[in-house]
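Undergrad: Let the hints inform the model, and build the full structure from the sequences given.
There are 2 protein chains.
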Amino acid sequence: MSKEATSPSLYTSFSPALLNLYDISNSIVVVIDVLRATSTIAAALKNGAKQIIPVDSVDECIRIGKQMSAITAGERDGKVAEGLQYGNSPFEYPETFINGKTLVLTTTNGTKLLHMALNNGANEVITGSFANLDAVVEHINKKKKSVLLACAAWKDKINIEDLLFAGAVIQQVKDNFSINCDSSKIALSIYNEAAPNIFQYMKDKNASHFERLSSFGLEKDIEHCLTSNTAHVLPIYKDGKLVKG
Amino acid sequence: MSKEATSPSLYTSFSPALLNLYDISNSIVVVIDVLRATSTIAAALKNGAKQIIPVDSVDECIRIGKQMSAITAGERDGKVAEGLQYGNSPFEYPETFINGKTLVLTTTNGTKLLHMALNNGANEVITGSFANLDAVVEHINKKKKSVLLACAAWKDKINIEDLLFAGAVIQQVKDNFSINCDSSKIALSIYNEAAPNIFQYMKDKNASHFERLSSFGLEKDIEHCLTSNTAHVLPIYKDGKLVKG
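Top to bottom, those sequences are chains Z and S.
For what it's worth, our numbering labels the leading residue of the first sequence as 695, then goes sequentially.
For what it's worth, our numbering labels the leading residue of the second sequence as 695, then goes sequentially.
Calculated directly from the structure, the hints in this document are not laboratory data.
Careful: at least some of the hints might be erroneous.
In this list, chains with the same sequence are indistinguishable; a pair is considered to hold if it fits within one copy or across any two.
[To be verified] Capping the alpha-carbon separation at 16 Å, the derived lysine to aspartate or glutamate pairs in EDC-like fashion look like this:
no.	residue 1	residue 2
1	K849	D717
2	K773	E786
3	K899	D869
4	K760	D828
5	K839	D869
6	K773	E913
7	K744	E832
8	K744	D933
9	K935	E786
10	K938	E789
11	K914	E786
TA: Here's what the structure looks like:
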């Protein structure tokens, strides 16, 4: 990996519980929640959503949804949460439905991390998923700033799929960054092992989130969320809203 | 990986900052600090040390050392810390020197984790490293209790070498435990990638701790710490002391 002193640094945080270990005051933070928050965010923005407001509770989702006459969405245990209109699947937000609209989305792990990244003084907060892999890669290559790839995990427990996306980014940008970070090297190794067939890898490993979502009948969602470049957009988090960059 | 409901569970924590995510009240916790605390602990006990008292500061090391007329040891930045007698290298504790003696050892990451594991109510706390790999494997296979493999990391940042040891354990015990834990699966993958030559792997990856210790001229230590089964002992942590199990 490139070691040029002039290269910006790249680190990977495997869990929100580790985020505080990294000085992100001059960094771009890429929030990663592959299954399914950041995948759905990419799909909805690509399909023309005006903005997405991530919130961390169903109550807040209902409240803000009413206030803004917006679409409310979120799931609990694989079903649309009581009081909300839609779920967390990227398939629920085709252009014919979401174009021009505001979506209030309740997620647990992803929203927490977006807030943490801003509160810790990140220079810029964007979201990443396989859906917008190339858009993330192009952006961080162009900006030439330090980067933290921040995995949302599951209630702070490390997830394979978020590491796989971090590794996919690293695989493409590694010559442009100084990567003195064991976590990044681990993510890259795992990605390279999985790369021939990421969906099959998750299935074979019986990854915890794969198992959880499959039990809700969501294999189609998983397959879509592990497919690269279905939504070439760059969601930027500003003033509590995700908008197209 | 085995999924029998009757099998005890096995989890892996990549950093002390993640330890609180696991209920260890009925578990054996294996504290892992491959470079070099738990490797040196295994070597000293194998060579006849009566007991090892891990402490987290140089001052406490000096104080307890005087109180017990014990050997004091610890390093800061690759050199014996001021006021202490010996360093953190397993080579410093041959039988001719350490047999029958008490060693007070100051380590940062390892000691913190030993205390945390006890305070969180672990059923038993032992230490693991490549030096005593088979002793750890035999013990946890025999006990048939749930296990948490707890990596000491470096100031909470994830280290490749601690994951490699966790993976080496998992590779040997995976049929006897129920492993519904992405971290364990990641550790196993990394271990299998590295297994043909772990030292070379650490070197090729330019692992952060490899780089740090090499810069102090400690490549020989690293090589020894990555070698399996040089010390067939089981260090058990009880009443603030590590003794042979």
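Undergrad: Among the hints numbered above, which are violated by the structure, and what are their numbers in rising order?
TA: 4, 7, 9
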